[in-house]
Each structure stands twice: as structure tokens, then as C-alpha cells.
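Can you build the whole structure from these sequences, using the hints too?
Residue numbers (this note's numbering): 1 to 115.
A couple of the hints might just be wrong.
What the hints assert, rightly or not - Derived Cβ-Cβ restraints for the label pairs, each shown as a range:
1. H104 x A21: 21 to 31 Å
2. R95 x T52: 22 to 32 Å
3. L106 x I86: 24 to 34 Å
To be verified - When the alpha-carbon atoms are kept at most 16 Å apart in a straight line, the in silico EDC-like pairs for lysine to aspartate or glutamate are as follows:
4. K68 x E96
5. K31 x E11
6. K32 x D54
7. K32 x D16
8. K19 x D29
9. K113 x D54
It should be emphasised that the hints constitute simulated quantities derived from the structure, not laboratory data.
Computed from a predicted structure; not experimentally measured.
Glycine included, C-beta positions come from ideal geometry on N, C-alpha and C.
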Amino acid sequence: MIGSMVHQLIENATIDEIKAAGLESYYTDHKKGIYPMNASGVPFTAAYLESTSDPIANLSEDMAAEQKARATYENLIDLATDPEVIGPLLFLRQREVVHFNRFHELYDYYKKKGY
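Spelled out as C-alpha cells, the structure:
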């Protein structure tokens with residue numbers, strides 16, 4: 001969703017506006033297309049996904065990922081000034097909170113089961 005938001009924000013931008021925003025290297029490789037990467041320009045990869053046969057370890061990783069995503073959305077909200085950008089970011093932030101809570105419920109369940 002963030003990639004889509006960035007695409008929508010730069011869709012009608014001129015080359016000068018893209019340069020002024022510091023996006024010329026992104027534009028060089030991807031023009032105005034969606035290309036998932038972090039703020040440092042590191043592309044998304046499936047290597048970011050962790051999985052073991054241990055539900056407690058997996059759920060701990062999941063909860064940490066949700067908290068990191070929540071923090072990232074909060075940082076983006078702090079940087080944003082456009083209400084049409086802030087609204088979806090608030091939704092995404094709240095979604096991470098809900099995901100964290102669901103993972104935490106499962107974590108507690110498996111801990112009680114003795115995993």
C-alpha cells in the first residue's frame with residue numbers, strides 16, 4: 001500500500017519535481033512504477049520472512065515485525081502533511097496494532113500449551 005501511495009504521489013510529478021524530492025535514482029531504475037523497498041533503497045525479498053517449526057519463535061518474530069511496522073507508520077505520519085496520505089497511514093498503523101494483538105493471543109495460547 002505504501003508503494004501505491006508513493007506512486008500516486010509522483011504519478012503527475014515533473015522530472016524537476018522528482019529531482020527536487022531526491023527520487024532521481026528511483027526514477028532511473030523504476031520510472032514511476034511500484035517497486036517495494038525500504039527507506040534506504042533496499043528491495044524487499046522473501047529472505048525477510050522467518051519461519052521455524054517452533055510456534056513460540058515464529059509468533060515472537062511476527063509480533064516484532066508488527067511492532068516495527070507500527071513504528072515505521074508512526075514515523076511516516078510524523079513526516080506527512082497531506083491528510084490524504086495521513087489517513088491511509090493511520091489505517092495501516094492500526095492494522096499493525098490489531099495484527100500484533102492477534103499474534104499475542106496465539107503466543108499466549110501456545111505458551112499455556114507448553115510449546
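Status of each hint after checking the structure:
no.: 1; hint: H104 x A21: 21 to 31 Å; in the structure: violated (38 Å)
no.: 2; hint: R95 x T52: 22 to 32 Å; in the structure: holds (25 Å)
no.: 3; hint: L106 x I86: 24 to 34 Å; in the structure: holds (31 Å)
no.: 4; hint: K68 x E96; in the structure: holds (9 Å)
no.: 5; hint: K31 x E11; in the structure: holds (10 Å)
no.: 6; hint: K32 x D54; in the structure: violated (41 Å)
no.: 7; hint: K32 x D16; in the structure: holds (14 Å)
no.: 8; hint: K19 x D29; in the structure: holds (14 Å)
no.: 9; hint: K113 x D54; in the structure: holds (13 Å)
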